[in-house]
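*Asks:* Produce the entire structure from the sequences given, and follow the hints as far as they go.
There are 4 protein chains.
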Amino acid sequence: MIIEMEKGVDEETVQRVVERVKKKGFDAQLSPGQEKVTIAVLGSGTGKVDTQIFEVLPGVKKVFRIESPFKLASRDFKKENTIVKVDGVEIGGNKIVIMAGPCAVESEEQILSCARLVKELGGKVLRGGAFKPRTSPFSFQGLGEEGLKLLALAREETGLLIITEVLASEDVNLVAKYADILQIGARNMQNYRLLEAVGKSGQPVLLKRSFAATLEEWLTTADYLLRENNSNVILCERGIRTFGNSTRFTLDVGAVPVVKRFSHLPIIVDPSHAAGYFGYVAALAKAGIVAGADGLLVEIHPCPQEALSDGAQSLTFSDFSRLMKELKALSAAIGREI
Amino acid sequence: MIIEMEKGVDEETVQRVVERVKKKGFDAQLSPGQEKVTIAVLGSGTGKVDTQIFEVLPGVKKVFRIESPFKLASRDFKKENTIVKVDGVEIGGNKIVIMAGPCAVESEEQILSCARLVKELGGKVLRGGAFKPRTSPFSFQGLGEEGLKLLALAREETGLLIITEVLASEDVNLVAKYADILQIGARNMQNYRLLEAVGKSGQPVLLKRSFAATLEEWLTTADYLLRENNSNVILCERGIRTFGNSTRFTLDVGAVPVVKRFSHLPIIVDPSHAAGYFGYVAALAKAGIVAGADGLLVEIHPCPQEALSDGAQSLTFSDFSRLMKELKALSAAIGREI
Amino acid sequence: MIIEMEKGVDEETVQRVVERVKKKGFDAQLSPGQEKVTIAVLGSGTGKVDTQIFEVLPGVKKVFRIESPFKLASRDFKKENTIVKVDGVEIGGNKIVIMAGPCAVESEEQILSCARLVKELGGKVLRGGAFKPRTSPFSFQGLGEEGLKLLALAREETGLLIITEVLASEDVNLVAKYADILQIGARNMQNYRLLEAVGKSGQPVLLKRSFAATLEEWLTTADYLLRENNSNVILCERGIRTFGNSTRFTLDVGAVPVVKRFSHLPIIVDPSHAAGYFGYVAALAKAGIVAGADGLLVEIHPCPQEALSDGAQSLTFSDFSRLMKELKALSAAIGREI
Amino acid sequence: MIIEMEKGVDEETVQRVVERVKKKGFDAQLSPGQEKVTIAVLGSGTGKVDTQIFEVLPGVKKVFRIESPFKLASRDFKKENTIVKVDGVEIGGNKIVIMAGPCAVESEEQILSCARLVKELGGKVLRGGAFKPRTSPFSFQGLGEEGLKLLALAREETGLLIITEVLASEDVNLVAKYADILQIGARNMQNYRLLEAVGKSGQPVLLKRSFAATLEEWLTTADYLLRENNSNVILCERGIRTFGNSTRFTLDVGAVPVVKRFSHLPIIVDPSHAAGYFGYVAALAKAGIVAGADGLLVEIHPCPQEALSDGAQSLTFSDFSRLMKELKALSAAIGREI
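Residue numbers (our numbering), protein chains in the order written: chain P, 4 to 341; chain W, 4 to 341; chain D, 4 to 341; chain X, 4 to 341.
For the record, the hints were derived by calculation from the structure and aren't laboratory data.
Hints are supplied without guarantee of correctness; some may be wrong.
[What the hints assert, rightly or not] Listed next, the in silico PhoX-like pairs over lysine-lysine satisfying Cα-Cα at most 20 Å (straight line):
{"id": "1", "chain 1": "W", "residue 1": "98", "chain 2": "W", "residue 2": "331"}
{"id": "2", "chain 1": "X", "residue 1": "88", "chain 2": "D", "residue 2": "331"}
{"id": "3", "chain 1": "W", "residue 1": "331", "chain 2": "P", "residue 2": "331"}
*Replies:* In structure tokens:
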């Protein structure tokens, strides 16, 4: 349930409504940074109470129910686009933000060479996995904290922001020490404990869509992060599982305009995991951008054929350079820039 | 099996190879318009004969098997892109071809107003259904020949090419009398008798991908058209059926680069059926173009809310005008034009 | 819209209602063989008229709208189970009907040996393809009429009913000359012209579910057959296309109870096309039966490794014999018999 | 890589091989309880060493590679069926094991009434969620430890085993204190940290298939449990996500025979989550059993319409009683018993 307050009401009036909400046994959450104050009334029993009990309070303009299962991620709760600001980089604004780097951090030389290229080409964020979720326990699992340190080193040298995946709630503090943006991977989208821990950390977070999640489920999951008053949430579409077998996953490019319609959160696209093959990455990257995505997450590698994971879908440095050039031309054509 | 001839061999030498192929009980098909002559050896038993029996013939450079189930649609058979030429319009060349119009032809006024707009904005082909495949026998089934006549009228006035769907082999002659390009719909992609009849008609044809077909199945199906020596085949991706439910179908934008890699045929995108909602059509249209599609098939309607079918996904005239402007800017940015 | 008449009204009263329906521009169809007469009001505009205009007529008990897109296939139209009777064999009654035979008719010896086994083990219907829909035009396409004649021969000798696929409306008369039940394959489920032709033939028909059709689409498609007053319609679930790749298709065994709930039509299961591998056929066959299916369509072959199509999923004679024994035990356990 | 030892070799000989494996930098794991000793050689680099280096060792009969990505879960590693024994109950043997109970533990009365019914009807295991993974953070999340205590109470009274879900590695010790079998839910199938923790606990574990996992991924995931020398792993098929929308998920009944072919682990079926509607549960339950499943996990509730979660798919006590009767008849017909 959403309580929309009159324009210009004072904080005390708002607080009285919040108190009434809590007295009824619900949680209350205020939409951040909007002209008009909006209060979300949260809890499993909101469907059973009448909207009237809040409509009669002073300063309340309108009370309505959110039909969708997601509440805090909904545009009904917050009309303006959320812009996630991390150290001067804005995600969700007019600029398109490129995040790139290797699938896994493998060595100092590897990560530094990637970082320098990303920096040089205008990227803002360096990606690189230190903790890797692998289907088989016998596959390479990442360098762990050693990998995080190498990422920090790359940041120090280049000034790029760092994004890296966190696999478990017990790792959140460790990873947050090194990373600017925490990534929740597709397989962990419904690992609710992890979401709660990341939400509580207050760190900016990138929430990948599970390859089997509907958009409703994805946005509802984002509520786990948002309810911890962590509004720095970035969504990432990375392909869904379908009967198709010519790409590794099927990029659901249509998810971009749908998310933009129903949610205020920024959304970026990961063309690499969707493609599964370097030769298709550029097409998907460009498609994502013109469909309205706020950025990209791209895998690159100085020598893809020797990568310890996901080599087939990693771009070489020269392929990535060409792609960045094309993306800049496209961005200009749609009135945005990189 | 593919027989590649030496460069510059004379026709007699080629004919001797063709005769040998036929003597062995196979069909032979020559790739059209290439520098080097290539002969496809076709039949269910080609796997059982040795390539050597053709390798020893004069003028033969190389004999190899095509691993994919599709043969004539394969780049192994024909390296150069196929450009389908219809009355001066080229599909598959550098220019992007826009096909637009209503889902179903409903009246003279409706189809003429659409045609004038398409023409004015730089579209080359007018779409409009006269025979409609409908899930329920109790839904509007199209105007039939009356609809075809209205399409012809629109062509006469505007000079646009006409594309319209043909539902059954017994209608091919009738529809071919009025249409420049015959459309085979997604539900009929595996209606092989229809494919044979359309192939034999020699008319340019647009083959939509079934929403449940893999790319292999789609390209293999194209062989039914190509084996009739009808090389004027255009492919059309229109969304596949997945668990996703926020768009009507899931546009498989990754199909575009994959088809370009493995086939020489032109491919266009239908963003309207994939979207199912007018608000998502522009994003999908733009995504298709930058992913490498050679054109678009878009549904427009002077008054979508009164359309007899597919109103929800039809663009208004003003939405379509805005989209065309955006598409022109994008085309320029990728070195193509509309 | 459905008009339910009072119990025991005379035919004249019914006819007056039918006339009124037609006067309003709709079609009227009576539900066959029920205690209470029910009239379906059909046409694309039924949603726009008020139910009252029929409620006031003499003999009318109740008028209501059918929410589902399928009308004639719905239990709202006909409450009792439909039992399709073909030459003494009942499909949809208490007995489970086994249909078995090779994927394609290949030779007299092959089809006769299959027929004898099916007969001996208690099967009632012999299957065998004479016209085969194949993905590639270069694969074996069936023996055509020669195959039909061999099927007729097998019927003559064994007394089994014959079921075989019809691919195109122009073949309906030919196939109907030889076959007792016409089969519409999964790829042709939405070939509406074919459905109309088969509906008009009055022949019993088995309508396979397209591997990409929802249950609603499938049942709505059945309306194309039923509206021709052909009530001899049998449904067949044969697996749907999913991301799963360990069986050829995913048998949607849950479709059986859902169809039984919403439709009056009999439903059987084809475990062979779903499995794609002989080793999984028995498990799927048994699952289908205990889930409530009225029969099975099973592929067998005297020598699967030499079959011209679908060898991998065909049961040997000894495997089929063992399966029939198991099915008889299961049928008894659920109060039915084979 | 698998090293098969000669029959009857002494432990010392086996140990020498194990040492050699470890010297090469790999892990070694012995297949438990088989006539012939089999050693799995594990690690990401096994593909790069020659099988010869182990073949030459004394006592070694054969060395071969496992093609599948799953190793320890594979029948190549262990030929005999694994029977998981928990306090006298065998899962994977000839008896079919019924696990039933409410989706969530709600109250003492609710769980005790369920437990008594399950016991009375011949079930062996009581299910009931104390920690519930919910899509929305604002839905009922379970009673937590209070729920675990109620489950323990029910065990005390009835002697039934307890199965309940564990959501996070930090809860494993707590849940293991109360539960006989730990359940890993579908959404956590790829929560590898949780799998490791549960593996290390040594507790019997039920691993649900993610609704988006292929069978290969599922079995490969089981390796995370098995490598901790925890061989008490039970698999559970609970429906996959497809385009189908008439049941909540699509029960992949074909997964049962495929898993039985490629893995030695027991597999049970959860018909409730697949169905999503009580009216379809019995059909899916029976289908699972005759397809070869070793048991069922069924949701029941004394008053489904008042359930705090999953009420629509819960069986009433009388529906469950009827189902158990039918299952007993079916079990007898396939030579097993409940």
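*Asks:* Under the criterion that the straight-line Cα-Cα distance not exceed 20 Å, is the pair residue 88 of chain X, residue 331 of chain D satisfied?
*Replies:* Given that 20 Å is the threshold and the Cα spacing comes to 33 Å, the pair is violated.
*Asks:* Please verify whether residue 331 of chain W and residue 331 of chain P have alpha carbons no more than 20 Å apart.
*Replies:* Judged against 20 Å, a Cα distance of about 17 Å means the pair holds.
*Asks:* Take the C-alpha atoms of residue 98 of chain W and residue 331 of chain W, compute the straight-line distance between them, and say whether it is at most 20 Å.
*Replies:* holds, 11 Å
The structure shown violates just one earlier hint, number 2.
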